[in-house]
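There are 4 protein chains.
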Amino acid sequence: MTTLETHVDDTTFSKYESEVRTYCRNWPALFDTASGSWITDVDGKQYLDFFAGAGALNYGHNDPTLKDALIDYVVRDGITHGLDMSTRAKGEFLQTFQDRILAPRKLDYKVQFPGPTGTNAVESALKLARKVTGRESIISFTNAFHGMTLGSLSVTGNANKRAGAGVPLVHSTPMPFDNYFDGTVEDFGWFERVLDDQGSGLNRPAAVIVETVQGEGGVNVARAEWLRALAELCYDREILLIVDDVQMGCGRTGEFFSFEFAGITPDIVTLSKSIGGYGLPLALTLMKPELDVWSPGEHNGTFRGNNPAFVTATAALNKFWADDLLTRDVARKGAIIAEAFDEICTRHPGMSHRGRGMVAGLVFEEASLAAEACAIAYESGLLAETSGPNDEVIKLLPPLTIDEDDLIHGLSILREAVAVVNPAPKAVTA
Amino acid sequence: MTTLETHVDDTTFSKYESEVRTYCRNWPALFDTASGSWITDVDGKQYLDFFAGAGALNYGHNDPTLKDALIDYVVRDGITHGLDMSTRAKGEFLQTFQDRILAPRKLDYKVQFPGPTGTNAVESALKLARKVTGRESIISFTNAFHGMTLGSLSVTGNANKRAGAGVPLVHSTPMPFDNYFDGTVEDFGWFERVLDDQGSGLNRPAAVIVETVQGEGGVNVARAEWLRALAELCYDREILLIVDDVQMGCGRTGEFFSFEFAGITPDIVTLSKSIGGYGLPLALTLMKPELDVWSPGEHNGTFRGNNPAFVTATAALNKFWADDLLTRDVARKGAIIAEAFDEICTRHPGMSHRGRGMVAGLVFEEASLAAEACAIAYESGLLAETSGPNDEVIKLLPPLTIDEDDLIHGLSILREAVAVVNPAPKAVTA
Amino acid sequence: MTTLETHVDDTTFSKYESEVRTYCRNWPALFDTASGSWITDVDGKQYLDFFAGAGALNYGHNDPTLKDALIDYVVRDGITHGLDMSTRAKGEFLQTFQDRILAPRKLDYKVQFPGPTGTNAVESALKLARKVTGRESIISFTNAFHGMTLGSLSVTGNANKRAGAGVPLVHSTPMPFDNYFDGTVEDFGWFERVLDDQGSGLNRPAAVIVETVQGEGGVNVARAEWLRALAELCYDREILLIVDDVQMGCGRTGEFFSFEFAGITPDIVTLSKSIGGYGLPLALTLMKPELDVWSPGEHNGTFRGNNPAFVTATAALNKFWADDLLTRDVARKGAIIAEAFDEICTRHPGMSHRGRGMVAGLVFEEASLAAEACAIAYESGLLAETSGPNDEVIKLLPPLTIDEDDLIHGLSILREAVAVVNPAPKAVTA
Amino acid sequence: MTTLETHVDDTTFSKYESEVRTYCRNWPALFDTASGSWITDVDGKQYLDFFAGAGALNYGHNDPTLKDALIDYVVRDGITHGLDMSTRAKGEFLQTFQDRILAPRKLDYKVQFPGPTGTNAVESALKLARKVTGRESIISFTNAFHGMTLGSLSVTGNANKRAGAGVPLVHSTPMPFDNYFDGTVEDFGWFERVLDDQGSGLNRPAAVIVETVQGEGGVNVARAEWLRALAELCYDREILLIVDDVQMGCGRTGEFFSFEFAGITPDIVTLSKSIGGYGLPLALTLMKPELDVWSPGEHNGTFRGNNPAFVTATAALNKFWADDLLTRDVARKGAIIAEAFDEICTRHPGMSHRGRGMVAGLVFEEASLAAEACAIAYESGLLAETSGPNDEVIKLLPPLTIDEDDLIHGLSILREAVAVVNPAPKAVTA
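Residue numbers (this note's numbering), protein chains in the order written: chain A, 6 to 435; chain B, 6 to 435; chain C, 6 to 435; chain D, 6 to 435.
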């Protein structure tokens with residue numbers, strides 16, 4: 006075997022990689038290593054990561070406990086690829102997930118491992134809901150994001166992403182997410198009415214799929230009472246409720262599941278991103294036992310048994326979910342972010358913010374300023390991305406485990422960036 | 006942090022995991038470690054693996070070179086999760102893939118990293134073909150398998166898997182795969198006729214998607230001349246040709262790409278399974294540069310930058326594709342399998358075999374015998390699965406790197422299993 | 006030739022006709038002849054017709070002028086069946102329609118003759134809108150009715166009728182019709198918002214299809230300002246506006262087109278039912294000249310040139326639309342109906358009414374009473390049907406040409422029928 | 006009432022009528038009256054009609070017996086428009102259809118009156134088949150024509166007509182019609198194979214819809230044994246068989262139903278075109294009683310009770326189907342056509358012919374000659390149209406009642422037209 010002298014630079018990607026690439030366009034550094042809340046590029050420059058793998062790194066980069074577990078597993082030749090064979094690593098994950106997560110919350114769910122990405126979990130959830138109910142139609146919400154494969158894309162809101170399908174996206178109807186009309190319209194007025202009106206023309210839905218906080222959609226936060234009303238509406242009309250917790254689960258909002266605060270129990274839950282703990286691909290579809298009508302192999306996928314991810318996932322559950330420290334941490338750090346954003350919004354015109362736990366959105370009335378502020382922050386060593394239908398929101402998803410000092414440091418970079426793009430009006434008099 | 010005492014046994018999976026699980030039903034052992042062609046269960050029993058992660062482990066389990074590269078990377082805190090940011094690991098993979106694979110074969114492809122599973126690659130290929138052509142319809146082949154998400158499922162043949170969709174699967178039309186009529190019917194008679202007949206009722210297709218050997222479909226092998234005729238037919242009518250090389254790529258048939266032997270150049274190629282080398286999730290969509298019309302982020306996915314998989318993928322390319330040793334090995338071992346199968350088929354009634362390189366199918370006229378033989382082989386420590394529309398084929402996908410002795414040992418287990426379920430007729434006289 | 010002695014009685018229909026038959030179940034008489042507002046059964050019993058062929062007989066049964074024109078045409082061997090050949094009858098209709106209807110209203114429309122039924126006209130309108138815009142999706146309204154063929158059914162609201170499709174009905178999204186929330190919600194709040202929000206998930210529509218008064222949907226009346234706002238909304242966003250005037254056109258609401266009162270000019274208009282004048286099948290699709298992008302024969306139909314219907318249609322235009330007498334008549338008789346309904350609603354609890362021109366709905370809070378009242382009215386010699394999602398509305402569509410005495414007579418039958426099923430509360434004291 | 010002085014000429018149509026018009030482009034005369042096999046234009050020029058309303062005028066134009074019945078009915082104020090109320094005219098038709106057609110053929114069908122056009126009948130047939138089976142997919146045949154509304158269009162072959170849909174046409178798969186491969190391929194090899202192969206990817210069909218002779222498709226004639234094999238194949242696999250007899254029924258091929266000669270009994274039959282007898286719109290859907298699972302009103306249409314058409318339909322059944330004279334006539338005249346075509350094909354190069362009963366196709370290898378010959382024939386006073394995917398076939402559909410002399414006269418016009426466009430090669434010696 007000969008190893009090539011591999012020279013990598015900026016042009017490597019523009020020459021060889023598809024035009025579909027996107028984050029690297031805003032953050033052109035060539036990254037190399039990462040630890041905790043920091044990423045380092047090949048030149049040794051460090052970046053504070055307020056993006057955290059779009060929510061896949063709730064526990065930060067390369068957490069040492071998880072890292073040790075992973076190395077141990079690789080060193081001792083733990084089986085890497087296992088499809089859905091029974092493996093020790095998978096069994097330990099299942100048992101730990103039961104003991105650390107489901108049992109304490111009195112949740113009774115069967116666990117499916119679809120292909121190891123969020124969109125695979127969503128696709129399996131939609132298929133299952135359709136199989137159980139014998140109906141085709143799914144209700145999604147304005148500004149939802151559920152994934153890029155054809156089934157998931159049909160329930161995703163973004164027009165550009167939808168256009169990429171190349172076929173008409175059907176079997177789904179959008180409904181207004183919480184607060185879509187700024188409180189001026191009754192929450193489920195339209196939805197209930199068309200469900201109950203035999204002449205409405207709405208195909209009776211198999212399921213409703215909802216994010217409790219829409220990350221990609223612009224950090225739109227559903228209230229507990231809205232979620233409860235939605236759950237009740239679904240229950241009353243025998244429509245399944247799917248919570249897509251791919252981005253907001255695993256503690257992002259404080260509790261493990263983002264729906265716990267509302268006291269609801271969805272019929273089906275999807276998890277991915279941070280469930281593997283270490284940034285390794287893994288996804289889960291949880292379903293109430295009576296909904297587990299799959300026949301063996303009816304939905305499968307080669308990498309559904311990604312055993313290194315089971316190992317880090319188990320380690321993460323043991324490290325972070327044996328007590329409520331992380332949940333309390335998220336509340337405290339979330340408050341720090343909210344306070345900083347409050348101050349920014351008070352000082353600068355045309356701004357507002359929203360969020361829950363450690364997902365926070367800083368909203369610019371003039372949409373283009375969000376990207377400009379992020380670009381300036383990047384120059385100052387902070388990674389933060391925009392979201393929302395017009396990219397008008399700076400979306401913060403810092404590691405839940407971030408040091409308070411780092412958090413405050415990052416917020417100050419952001420504050421300065423905002424000050425550049427959207428200066429506070431000069432006071433006429435003091 | 007407290008670590009639970011996690012007890013795992015058979016009941017862990019039946020209690021907690023969905024009924025969708027399947028391989029673990031045929032192979033009820035609780036697996037723990039693996040190395041090369043062997044898997045070991047928690048009781049220390051060893052199993053020879055002729056299944057190799059359904060083609061995801063062409064280089065065997067936990068290849069030591071790749072393992073070292075992976076451990077090095079994890080130890081030195083190489084970035085694990087990178088979305089589509091530029092990372093050293095990704096750049097090195099791109100350059101190595103260019104140098105080891107594309108350039109020597111004079112192939113000019115841009116590389117897209119969709120979500121890290123085969124079905125993600127197929128979905129992106131279908132979307133791209135539709136975007137490029139402005140047409141919706143896709144031609145697939147009888148007994149094709151392309152994945153379980155809605156777009157991929159629509160071009161997959163298996164009726165049970167299709168039924169799982171819960172919505173009608175549309176925008177696709179099946180055509181007969183090579184030799185579907187045992188040579189009695191002209192290869193593309195039907196396909197060409199309906200394409201060229203303005204009154205045929207066939208929606209004009211955006212693309213044809215084909216496997217050169219259909220693994221899940223029962224090890225159906227397309228001939229070089231059939232593939233060439235297909236490529237020509239597509240070219241003449243401005244239909245894109247997608248080769249789904251998820252299972253048959255990365256050397257399974259000898260050469261890196263399974264279509265090389267036919268001298269064709271598909272417009273789009275999907276790779277996954279063994280491209281990561283170590284069983285870690287990774288997928289690639291290759292497209293001719295002029296087809297790279299994606300807008301940034303139009304198709305994305307959280308785990309599309311699975312950097313540990315880039316590291317093992319690069320190591321695998323360097324180890325196995327710097328010369329033609331592996332290709333020659335595959336030819337030699339493929340011949341051993343074919344010879345053994347020839348002998349079995351001669352000795353036992355109602356059997357035939359087919360294959361190319363190191364994918365081989367042993368076909369039983371009486372379909373149920375295939376599963377019975379695999380069950381007996383499992384008892385003797387061999388993992389082999391069935392495929393085909395009626396599960397009538399024992400499908401062998403041993404690691405390409407298997408020792409010849411192990412290969413011969415496994416084949417003898419199989420031979421004995423066949424002898425039990427389908428005894429050779431007694432000779433009347435010697 | 007032998008003519009059979011054909012005996013017809015009640016059992017003829019139950020024995021030979023499909024279970025799909027419906028009106029004959031409520032009105033079991035065996036009808037024979039008809040004239041003006043009256044139908045006579047085989048036993049000579051006369052029925053006053055407040056139903057008028059579901060709006061197909063705006064000029065009553067067998068109007069003598071039209072009858073003479075029809076007999077003349079048949080007697081002189083005028084061509085009966087003409088596909089879309091140029092015939093004198095068709096030319097005279099086209100010119101008369103231009104002179105009597107389009108030119109005086111300064112409407113510039115090209116005329117298409119699709120198959121001679123309303124649903125054919127709607128199908129052609131939807132196809133044309135899709136062809137012009139290159140989009141698939143259509144916006145329809147709650148409780149819309151547009152027809153029973155697959156394209157029309159997809160924009161129809163009634164759940165039972167939709168279920169008959171046997172395939173999922175897609176490419177359409179319902180929006181709330183005027184006053185769907187009893188004035189509590191801004192008219193187009195939801196529609197405008199999802200159109201303008203790039204993240205809403207609504208597929209961008211080719212067209213909006215609307216009835217100005219929803220007959221089948223329960224006599225729901227759109228206000229002029231609502232229609233104007235809809236037209237403006239469509240214009241601003243380059244969405245085509247289709248007014249389905251199949252039931253409400255030809256003077257039902259007073260003016261020839263039901264949208265005239267609102268001062269809007271739809272892009273496409275469908276006409277059928279009363280356009281033939283005599284109850285003979287005919288349908289028109291009107292389109293702005295710049296939308297006439299059909300290629301020859303792209304939409305056709307064997308009976309699109311029903312020449313006897315052209316003859317009666319022309320005669321009807323000449324008789325009824327040479328001046329504004331009919332329009333004024335409709336206003337006057339409409340007021341009589343409204344007054345009678347006002348009185349009924351004042352006297353009886355749980356009732357309301359609505360309507361425009363000579364379409365009127367009498368609404369029962371207790372839905373089943375509507376059918377009961379109609380059954381009683383039938384016994385007294387009045388034909389009136391129910392509509393609305395729960396059949397809670399008695400829908401009146403008397404001939405526009407009805408004698409005032411007959412109108413008042415029919416209303417009194419109805420008043421008495423209501424009194425039986427929904428007695429006025431006894432006054433405690435006078 | 007004022008009657009306009011209506012001036013009609015060529016420009017009336019080009020000014021006011023949509024570009025979708027088609028027949029009038031080839032036959033620019035302004036037609037006025039018609040009788041038997043002859044049409045007369047406003048200038049008194051007579052045209053022999055070998056087109057007969059695309060099969061809607063099997064009994065010629067304005068048959069005097071039917072004309073008398075129609076005039077009587079109109080004069081005596083027979084009810085014109087009846088929806089699905091029971092009327093004497095409808096009852097007499099039902100009984101006569103039973104007595105003259107169904108009973109003598111021992112056919113047990115319930116009769117549905119959908120909207121009065123062929124495409125309405127086809128739509129209802131497809132809906133019913135889907136409701137009965139719970140499946141969505143329909144098998145159609147290459148070069149089929151079933152109508153222009155969305156459901157019917159999805160099973161129609163012509164690419165230009167399909168493109169007009171503006172949405173992808175799905176839920177249908179074309180199979181090769183009889184003789185599609187000129188006898189070189191087994192009839193149902195492909196169809197049976199994909200039906201029976203669980204891995205074929207074909208969605209299991211609800212029904213097969215077939216024409217016994219494809220008129221629009223180019224006069225493609227199915228053999229009796231092919232139809233029998235198709236019926237058996239459907240029966241064995243519990244797929245419903247729909248014969249679309251809209252164009253080929255009512256005696257066109259000799260017997261009343263075009264499938265009688267094959268000895269099959271379809272599950273569902275559609276009739277329209279000539280069923281009304283006089284060119285008035287009417288359509289029937291016949292279904293085996295056990296398939297009559299419609300709920301009342303589940304499929305409806307305003308003109309489903311076109312009573313004048315019931316009257317002429319009844320008169321036609323009594324006049325033409327009380328004995329077998331017409332059937333024998335059709336055989337004799339069909340033989341005259343075939344003989345004439347034989348002679349033409351012998352004399353002129355690159356020609357062939359096909360047909361059954363009195364539908365006949367004269368096929369040109371050089372497609373454009375067909376239209377050229379028709380244009381010349383038109384100048385000589387003969388109406389004949391082209392069909393086939395490339396308009397390469399002159400399709401003859403003369404009235405079944407045509408005089409032999411007229412038939413021979415028309416054929417001689419055609420023979421001369423062919424001689425002009427495709428001259429016979431000069432003999433080298435006499």
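The reader is advised that the hints may include incorrect statements.
Any copy, or any two copies together, can satisfy a pair, since identical chains are not distinguished.
Said to hold, decoys possible - List of simulated lysine to aspartate or glutamate pairs, EDC-like, C-alpha gap at most 20 Å: (1) K111 with D328; (2) K324 with E397; (3) K115 with D82; (4) K111 with D15; (5) K111 with E22.
Honestly, the hints are just simulated from the structure, not real lab data.
Taking the hints in turn, this is what the structure says about them:
1. K111 with D328: within (16 Å within a copy, 57 Å between copies)
2. K324 with E397: Cα proximity of K324 and E397: none, with 36 Å in one copy and 47 Å across.
3. K115 with D82: neither (29 Å within a copy, 35 Å between copies)
4. K111 with D15: Answer is neither; intra-copy 51 Å and inter-copy 23 Å both fail.
5. K111 with E22: For K111 and E22, only the inter-copy Cα distance (17 Å) is at most 20 Å; the intra-copy one is 47 Å.
Comparing the model with each numbered hint stated earlier shows that hints 2, 3 and 4 do not hold.
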